[in-house]
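Generate the whole structure from the sequences, applying the supplied hints.
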Amino acid sequence: MKRVLIVDDSATTRALIVATIEEMEGFETIEAPNGFEALKRLPQQRLDLIVTDINMPDINGLEIVHFVKHHPQYKSIPLIIVSTEGSEDDVKKGLELGASAYVKKPFEPDVLRSTIRQVIKS
Amino acid sequence: MAERRKDDTLREFLAESEELLETLHQNLRVIEQSPDPSSVAPETLNAMFRSAHTVKGMSGVMGFAAVSDLSHSLEDVMDRVRMGKLAMSRSLLDALGDAVDMLGRLIASSSSGQPPADAEVVLQRLREAMTVQPSAVLMERPLGIDQEILKVLTEYEDHRLQENVKAKNYLYEIRAHFRFDDFDKALSKLTTKVQSAGEVITTLPSSGMSSKDGIGFTLLVGSKCDREGLAQLLADEVVELVAIGGQEFALSKTLAPQENEAVSARSLSQTIRVDIARLDGLLNMLGELVLSKAVIAQIAKDLMQVGGCLGPAMELHKAAQSLEHRVSGLQEGLIEIRMIPVAQLFDRSIRAIKKIARDLDKEIQVITSGEETKLDKSMVESIADPLLHLIRNALDHGIESKDDRRRSGKHEVGTIHLSAAQKGNTVVITVADDGAGINLAKVYQTALAKKLAVPDKEYSQKEIINFLFQPGFSTAETVTEMSGRGVGLDVVARHLAKLNGLVEVETELGRGTRFILTLPITLVIIKALIVRVGFQIYAIPISAVSESVMADHRQVVTVGRRHVIQLRDHTLALLRLNELFNVASSDIPQDRLYIIVVGLAEKRLGLVVDAIEGQQEIVIKSVGAMLQGIPGIAGATELGNRKTILVLDVGALIEEVVGQKMSIPLAA
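Chains as they are written, first to last, in our numbering: chain C, 136 to 257; chain W, 10 to 677.
If you are wondering where the hints come from, they were derived from the structure by calculation, not from laboratory data.
Please note that a few of the clues may not be correct.
As the list claims (entries may be wrong) - As a list, the in silico DSS-like pairs of lysine-lysine whose alpha-carbon atoms are at most 27 Å apart: (1) Lys239(C) to Lys160(W); (2) Lys194(W) to Lys204(C); (3) Lys175(C) to Lys160(W); (4) Lys460(W) to Lys175(C); (5) Lys194(W) to Lys175(C); (6) Lys175(C) to Lys198(W); (7) Lys202(W) to Lys210(C); (8) Lys198(W) to Lys239(C); (9) Lys194(W) to Lys227(C); (10) Lys227(C) to Lys256(C); (11) Lys160(W) to Lys227(C).
To be verified - A few chain C residues that face chain W, going by a derived Cβ cut-off under 10 Å, partial list only: (12) Thr148; (13) Arg181; (14) Val217; (15) Asp224; (16) Glu231.
Please read all numbers here as calculations on a predicted model, not as lab measurements.
Every residue, glycine too, gets a C-beta built ideally from N, C-alpha and C.
Here it is as structure tokens:
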């Protein structure tokens, strides 16, 4: 079972990402409504992937990517940024910081699923 | 996606949109109230951007194109404003206000599957705002900031950093280390403290400093405070304070973070959202507990009467008392959770006032007070429409045209005062205007013409006002004719009655009118007057009771086919509950009558009962199918002695008696 952490401050968006991922065989999801909760989830269980929004209060997506990619224990967990267009520079920074992929919001469920498969395989 | 999941997601979407719209409105109001819209706090602008951004994201994934398009435009405008590329102005504020209103309408129509409203005008205004050329932004980056931080700054954070440099603020890095299990609380506390002296530009969790059971954070801060001032502010915190461009020094307190956690800290992540239906369920359960508590208290009382205040009986009594104490604590806590400040209601009203005033070409200033007064969420929802009705009346018929106001020596700008205050178990909301007041002579004339008033009879001021609340009192032409109130006030009164509330009016010709709404704080658990009629016991919601009086039966006279009594300066219609519910009255000689005066606006009704048994908190439950639809019954409740009793629906009783729809026993 692959475990995916979904970080987004919109409950609606989280619900739709969860629904999209759970349609795939062999995946389960956990959710975090903000950066703080995301950081708290990290040591609680093994994670295979993190899907995160960028624009969130307190701790944003870029900071999560930075933290994960600099942490000796977590740096191997791949991250996918799911964010709306309009913040290209922020997305670029996220990829530079070590995120594996970017999926534009609103997303096509198929696009998100195939991106996840690709990222997890590599 | 499974159907159920879809429904759940839609519900989630609606709840979330409602919150985000509220945030947008609140922040618009903050900007509106600031003396200079172009110098609003960056957090306010950023909060608006974030809300629009989130609505865009979630409506996009839901496939609501109209919502997504409008929130996208809103986001674009707010992005420019927060990045300092577009100045906030009154006209832009108006456009944003209309856009947010339209967004609310689009969300409602999209989620209910209706065709979206035409948002083109609103969109066009936003586009026009965007045609202003963004001013060139000069990039200035101070030396000495940790490269790792710069790599992670979002565009907006970068902009905030530059604004701080431009404002010649001191820049600091504050490094802190917290225990892992409650770092969010500790960090929020630190952030709040720092924000009192400056701006937290970014918060970077730094894994380099993290040990196995802790986590480090670096805050980039801009402040007018010099290093010494900031150090003093942070004297209780275990942090490292680095002035950027200067040398670092650590605060030397040796307090361990573990000992530092007692101070309360509010964190956004500490809040959860709960469906109000779940709270209803919990309250219902609590209602059962309240009943069990009453049963136990009753048993204890009975035991003490039999066996005296000794031994187990006394112990049980004490235990029952302590149970009572805790249950009421629990009850208060649960009700408190449902409470929201009326500020939300006022915000909505102010938006409506602005819009109506614009349509009527009247200039209005709104004064609010007591916005922090709290009311049950479902009560706030139920009261929104009647309140709007009163406001519309005040603007339409109360406040005069600019010319008229000038002529009568008033300020051209009319004033509407919305206020709220808690009084015991009730909340009083008033809508006051400084308009023309109600012309009572004309109201009387109209009442005569409509045969609501009897010629040659003298009416008190209150009785004349009472006509305003009669169904069918006002029509369009009477309204214009008397330039007064009356449009659908009967509807308002009926609505209030349903909520066990009251509406009263005070008016002075030429000076203005004040509507006073009295509402119970919650509808879930209410205080009730327990009355006896024959061998039957009934509960009457206390918020609907204005007084109880004892009268001699010889005071009762028959007018038309109705029993009435003269109570001070007005005539009170009586309703004998024993006849209404067809129960045998007690054998006690009826030379004295107990009359419970229930009032709905100026319409009052005297309920004749045999005895008043006391007051009690009750939880209203709906009655079974057998009793449903019986006029005058709101529901049932249980008393401590496990007896189920009926709760009277005061609003319906008055409505039925006044409207004479019910076949109530009238005088022969």
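Evaluation of the provided hints:
Between Lys239(C) and Lys160(W) the CA atoms are separated by roughly 22 Å; this keeps the pair inside 27 Å, and the hint holds. A hinted pair counts as satisfied when its Cα atoms are at most 27 Å apart, and Lys194(W) with Lys204(C) qualifies at roughly 24 Å. Using a Cα cut-off of 27 Å, the hinted pair Lys175(C) and Lys160(W) holds, with the two alpha carbons roughly 23 Å apart. At roughly 73 Å between alpha-carbon atoms, Lys460(W) and Lys175(C) are farther apart than 27 Å, so this suggested pair is violated.
The hinted pair formed by Lys194(W) and Lys175(C) meets the criterion: a straight-line CA distance of about 12 Å does not exceed 27 Å. Between Lys175(C) and Lys198(W) the alpha-carbon distance is near 18 Å, which keeps this suggested pair within the 27 Å criterion. At roughly 32 Å between alpha-carbon atoms, Lys202(W) and Lys210(C) are farther apart than 27 Å, so this suggested pair is violated. Using a Cα cut-off of 27 Å, the hinted pair Lys198(W) and Lys239(C) is violated, with the two alpha carbons roughly 35 Å apart.
At most 27 Å may separate the alpha-carbon atoms for a hinted pair to count; Lys194(W) and Lys227(C) exceed this at roughly 31 Å. A C-alpha spacing of about 23 Å is found between Lys227(C) and Lys256(C), which places the hinted pair at or below 27 Å, so the restraint holds. The hinted pair formed by Lys160(W) and Lys227(C) meets the criterion: a straight-line CA distance of about 11 Å does not exceed 27 Å. Contact between Thr148(C) and chain W, as hinted, is supported at the beta carbon level, the nearest pair being about 5 Å apart and thus within 10 Å.
Interface restraint check for Arg181(C): the shortest CB-CB distance to chain W comes to about 17 Å, outside 10 Å, so the restraint is violated. Here the hint on Val217(C) is kept, as its CB sits about 9 Å from the closest CB of chain W, short of 10 Å. The interface hint given for Asp224(C) holds, since its Cβ lies 5 Å from the closest Cβ of chain W, which is under the 10 Å cut-off. About 7 Å separates the beta-carbon of Glu231(C) from the nearest beta-carbon of chain W, less than 10 Å, and the hint is met.
Violated hints, listed in ascending order, are 4, 7, 8, 9 and 13; each of the other numbered hints is respected by the structure.
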